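Trainee: Build out the structure end to end from the sequences listed, making use of the hints.
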Amino acid sequence: MTPPAAASPNAYRESAVLSAPPEMLVVMLYDGARRFLFQAGVAMQNQQIELSHRKLRRAEDIIQHLRDTLDMEQGELPQRLEAIYLFCLRHLQKARFDRDAKKLEQVGNLLGELRDAWAAISSQHELG
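In the numbering used here, the protein residues as written are 1 to 128.
Simulated from the structure, these hints should not be mistaken for laboratory data. This structure is a prediction, so every number in the text was calculated from the model and none was measured. Don't take each hint at face value.
As the list claims (entries may be wrong) - With beta-carbon atoms standing in for the labels, derived distance ranges:
no. : residue 1 : residue 2 : range
1   : Glu82     : Ala119    : 19 to 27 Å
2   : Gln124    : Leu51     : 36 to 44 Å
3   : Asp31     : Gln124    : 28 to 36 Å
In this text, a Cβ means the ideal position worked out from N, Cα and C, and glycines have one as well.
Mentor: Following this line, the structure appears as structure tokens:
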């Protein structure tokens, strides 16, 4: 039997995801992608190529998921977001090929701006 304290971090995370509004889920995805990009950059700088590849793949999977879940029927915003996500994915491919941690940081910064915008939307939604 697993002690409650050992299970609590995963249980807390699962509870947070299940109870979060959709806007906050997007914020969580951006946070995850940025965390994996940071980890990939550190691994890349330390010449840990396999670890860097795994972390980069996780970030790419999140960005692809964000792209796949866009509702393109909702006007111009989803189209612009898709263009940003495609740019990010291409930039990450170049970063992997060139082993350039700076490119990872650039994508992380761009995702950070999007994350902050979604966080603002989420907080307005909670207030409204």
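Trainee: Can you name, in rising order, the numbers of the hints this structure does not satisfy?
Mentor: 3
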